[in-house]
Amino acid sequence: MKRNFITTSEWSKNELQSILDFASELKANRIQPLLKNKSIALIFFNPSLRTKTSFQIGMNQLGGNAVIISPGQDAWPIEFDVGKIMNEEAEEHIAEVAKVLSKYCDLIAVRAFPKFQNIKEDIEDKIIRGFEKFASVPIINMETITHPCQELAHILSLQEQLGDLKNKNYLLTWTYHPKALNTAVANSSLIIASKFGMNVTLLCPTEDYLLHDKYIDEAKLNCQENNTNFTISHDIKKSYANKDIVYAKSWGSIPFYGEPNKEKKIRDQYKNFIVDERKMNFTNNALFSHCLPLRRNIKATDAVMDSDNCIAIQEAENRMHVQKSLLFNLLKE
Amino acid sequence: MKRNFITTSEWSKNELQSILDFASELKANRIQPLLKNKSIALIFFNPSLRTKTSFQIGMNQLGGNAVIISPGQDAWPIEFDVGKIMNEEAEEHIAEVAKVLSKYCDLIAVRAFPKFQNIKEDIEDKIIRGFEKFASVPIINMETITHPCQELAHILSLQEQLGDLKNKNYLLTWTYHPKALNTAVANSSLIIASKFGMNVTLLCPTEDYLLHDKYIDEAKLNCQENNTNFTISHDIKKSYANKDIVYAKSWGSIPFYGEPNKEKKIRDQYKNFIVDERKMNFTNNALFSHCLPLRRNIKATDAVMDSDNCIAIQEAENRMHVQKSLLFNLLKE
Amino acid sequence: MKRNFITTSEWSKNELQSILDFASELKANRIQPLLKNKSIALIFFNPSLRTKTSFQIGMNQLGGNAVIISPGQDAWPIEFDVGKIMNEEAEEHIAEVAKVLSKYCDLIAVRAFPKFQNIKEDIEDKIIRGFEKFASVPIINMETITHPCQELAHILSLQEQLGDLKNKNYLLTWTYHPKALNTAVANSSLIIASKFGMNVTLLCPTEDYLLHDKYIDEAKLNCQENNTNFTISHDIKKSYANKDIVYAKSWGSIPFYGEPNKEKKIRDQYKNFIVDERKMNFTNNALFSHCLPLRRNIKATDAVMDSDNCIAIQEAENRMHVQKSLLFNLLKE
Chain A
4 MKRNFITTSE
14 WSKNELQSIL
24 DFASELKANR
34 IQPLLKNKSI
44 ALIFFNPSLR
54 TKTSFQIGMN
64 QLGGNAVIIS
74 PGQDAWPIEF
84 DVGKIMNEEA
94 EEHIAEVAKV
104 LSKYCDLIAV
114 RAFPKFQNIK
124 EDIEDKIIRG
134 FEKFASVPII
144 NMETITHPCQ
154 ELAHILSLQE
164 QLGDLKNKNY
174 LLTWTYHPKA
184 LNTAVANSSL
194 IIASKFGMNV
204 TLLCPTEDYL
214 LHDKYIDEAK
224 LNCQENNTNF
234 TISHDIKKSY
244 ANKDIVYAKS
254 WGSIPFYGEP
264 NKEKKIRDQY
274 KNFIVDERKM
284 NFTNNALFSH
294 CLPLRRNIKA
304 TDAVMDSDNC
314 IAIQEAENRM
324 HVQKSLLFNL
334 LKE
Chain B
4 MKRNFITTSE
14 WSKNELQSIL
24 DFASELKANR
34 IQPLLKNKSI
44 ALIFFNPSLR
54 TKTSFQIGMN
64 QLGGNAVIIS
74 PGQDAWPIEF
84 DVGKIMNEEA
94 EEHIAEVAKV
104 LSKYCDLIAV
114 RAFPKFQNIK
124 EDIEDKIIRG
134 FEKFASVPII
144 NMETITHPCQ
154 ELAHILSLQE
164 QLGDLKNKNY
174 LLTWTYHPKA
184 LNTAVANSSL
194 IIASKFGMNV
204 TLLCPTEDYL
214 LHDKYIDEAK
224 LNCQENNTNF
234 TISHDIKKSY
244 ANKDIVYAKS
254 WGSIPFYGEP
264 NKEKKIRDQY
274 KNFIVDERKM
284 NFTNNALFSH
294 CLPLRRNIKA
304 TDAVMDSDNC
314 IAIQEAENRM
324 HVQKSLLFNL
334 LKE
Chain C
4 MKRNFITTSE
14 WSKNELQSIL
24 DFASELKANR
34 IQPLLKNKSI
44 ALIFFNPSLR
54 TKTSFQIGMN
64 QLGGNAVIIS
74 PGQDAWPIEF
84 DVGKIMNEEA
94 EEHIAEVAKV
104 LSKYCDLIAV
114 RAFPKFQNIK
124 EDIEDKIIRG
134 FEKFASVPII
144 NMETITHPCQ
154 ELAHILSLQE
164 QLGDLKNKNY
174 LLTWTYHPKA
184 LNTAVANSSL
194 IIASKFGMNV
204 TLLCPTEDYL
214 LHDKYIDEAK
224 LNCQENNTNF
234 TISHDIKKSY
244 ANKDIVYAKS
254 WGSIPFYGEP
264 NKEKKIRDQY
274 KNFIVDERKM
284 NFTNNALFSH
294 CLPLRRNIKA
304 TDAVMDSDNC
314 IAIQEAENRM
324 HVQKSLLFNL
334 LKE
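Residue numbers (the numbering used here), protein chains in the order written: chain A, 4 to 336; chain B, 4 to 336; chain C, 4 to 336.
Among the hints, erroneous ones may be present.
Copies of one chain are not kept apart here, so a pair can be met inside one copy or by any two copies together.
With a Cα cut of at most 30 Å, we get these calculated DSS-like pairs of lysine-lysine [said to hold, decoys possible]:
| no. | residue 1 | residue 2 |
| --- | --- | --- |
| 1 | Lys182 | Lys118 |
| 2 | Lys102 | Lys30 |
| 3 | Lys106 | Lys335 |
| 4 | Lys217 | Lys118 |
| 5 | Lys223 | Lys169 |
| 6 | Lys39 | Lys335 |
| 7 | Lys182 | Lys267 |
| 8 | Lys274 | Lys87 |
| 9 | Lys39 | Lys274 |
| 10 | Lys129 | Lys182 |
| 11 | Lys335 | Lys30 |
| 12 | Lys274 | Lys102 |
| 13 | Lys136 | Lys87 |
| 14 | Lys106 | Lys169 |
| 15 | Lys217 | Lys182 |
| 16 | Lys39 | Lys106 |
| 17 | Lys30 | Lys16 |
| 18 | Lys87 | Lys182 |
| 19 | Lys30 | Lys136 |
| 20 | Lys39 | Lys102 |
| 21 | Lys123 | Lys267 |
| 22 | Lys268 | Lys335 |
Since the hints were derived computationally from the structure, they do not count as laboratory data.
Take the sequences, apply the hints, and build the full model.
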């Protein structure tokens, strides 16, 4: 039966762990023609470096191939509302796009960032859910309102470094960035860290920078089930104290959704949230990571990025291995 | 000897039927390394979803590969006039482009929509004829002033549904669309439906929306040879009556070529040309199809698109199979 | 040990000759799975036709594959300065880009044209040197301030036509072009022609169009070592006289770097530098070549381009063969 990978919330921890375990095997032995003659479509509504490259090369190492589609750039703009009279920009409907691509290829992967104008619409994840609804082949999320492939790479890297993650102390810290970025990787961080049994702290400047309840509630529930702690804090020093892992990400304020100029004035007050050596010294010699791309000396200092504790490159490499494992999981007969 | 696929007018019905027959074999058995180590170049002067994806994946299933080139975007703008002093935008001449690509790859496929400013220039099909003139490898038309790959997919789908097409009653209907689109698929529809022995009706709002004589005359000649009828009508009800097939397409008015604003006022009067259930009820339980992309509830209603009689997805799927068959036909030793 | 191909100055003539010799073998026998399962990344900061196509198809013929990355278009803008506070456009640093790509692929090829605003910065070749510094896989230059892959293709074509190049008389002539182009191929021409033992003449309208000392000095030194002549001239007739090879290229004036409008007035006086039959008649029945793209009847006349002495297409074809040989040289165990 067709299975989609749209959010890790729809997969059990055991299922995810078996994808991670097979990723380790593929990392040790990269060239295996497990998906010979399979073709997948990678649909990018937004830019990509790691994702595009790791999926394309990963498929090639598995004996298959990947084609790239960029709607609105090299392909037609697409309508996602059902029943719409299509008299605006979109030249075709997701119904046709998803059904036709399902005839050509074996799997569709989609990157569609939140538009950051209406939180309800973003939470609905309309674009990838449109593909899910109309496609007859499996769908992979390459980052929408969450980034589940990054979650897998993040956990694999932490397990490689620390072994069992149960009861490790995990910090997700907001960092400064000149623009209001989407919350996908932050949402993902809370969900997956809590799911894998860690004590999770969310550090952000004020209540304006809390993530959406949907993800906080899910993380709290995971922590409850795992008998771990979930903490929200605005105190930098207390939050870093005694941590085993520091994961950094910048995101825009949800109460100021759609008002980037107003929000800019607020966020510009919190440049001090940069991850630096002083803060890392409060931790339990913590590992540091970030999903990349990262602005050096804005989100984290050169010293932190270049330290032995930084595993951002390892996490980026693992994107390829977990995605290959995931592709095999979804496409094997 | 090198053979090109620029228009089906240069191929006999029997030759086309043998491409269609082999397409059915490839549809039943997709993975066949018939073009192992062959490389083709796909040159896009305009956007594409189905064409790009189906050619790339199709070549891969045949054991070969396809590279994408987008002149003016990721490659240099090209000059097509011979003898020109090249002091404008173009950085290189079709002579060099076609000759060099012929050294790298085994076949060149070209998408170059009419510019819709000068009908004579568009009819000349200067871009693809430039490739034909200077390339030493076969050329495939991926849509210019006609769309012969779509023709093959259209006929294969109709044959799959109806068997022999001789004497079937075929309607090509103009539909509304907010912009003046090119006439390629409409031209192709008349040519191929008449060539395969159907009675062909062209329905459009007024004489302003007649297709160019070149294609109407060719369709009339085909009908004469096949002892079938060719009819032009502006009466919706009479045109739909007793039809076995309804093919829909929007196109701009030729007398208003190069004057989109003037034409817009006229076309906006004919929104009623949308294909809906009421009109389909006049037919002989006709199949409905469209080349896609299609604006739902503008060109055809949701009810028509989602009905069992709609074969647009089947036609889109068949693009891949007919193109693979065509590639094999042109590249086999 | 990892080796990079950033400039031919870092390779001996014997090493280059062995790449050329193996290129001839690959030209005779194109399909050889020497790089099976290898993947390379092609990074384009600028447009490309020949380079992109020849690398992609070349890798495919060797059994490997190539992925295309266009930073700032389909990927994030990149910072190349070390220690920078990244508060401008760049979303990530070359350190991360190069390290991550090194984890995914076996080799990175980079096209990054000079920005033509600051000669010192252009000469430093900061972008490709950034990749060299941070990548752990080999780097290939696909054109920066020099174009070493073009050099190889140029020399292979001349050797195919003339055999040993020792003491041949070689002219690099500036030509008119409406825009100020970069000096890469011109710099490369001087370096490689002198390295392979030819008498080299550089013809340009005035001292304003001399190439940068760095490349002139290197060419002079090569000529000294080879006991050949290096000549700078502004006299068209004398320069063409007795030449065996005429290589044409347009480039912008270095003293007017960053002032395109001022320079335009000067360059527009020298349209007569076009390569035409009259000038070619001064030569020793010379071969003519150009790296392409070329504006016909601006840089060279139709008559010259279409003559039997023009080997520009041959040189373009050889791009693929020398690059395949180079890839094998850098990636073989």
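Hints not upheld, ascending by number
9, 22
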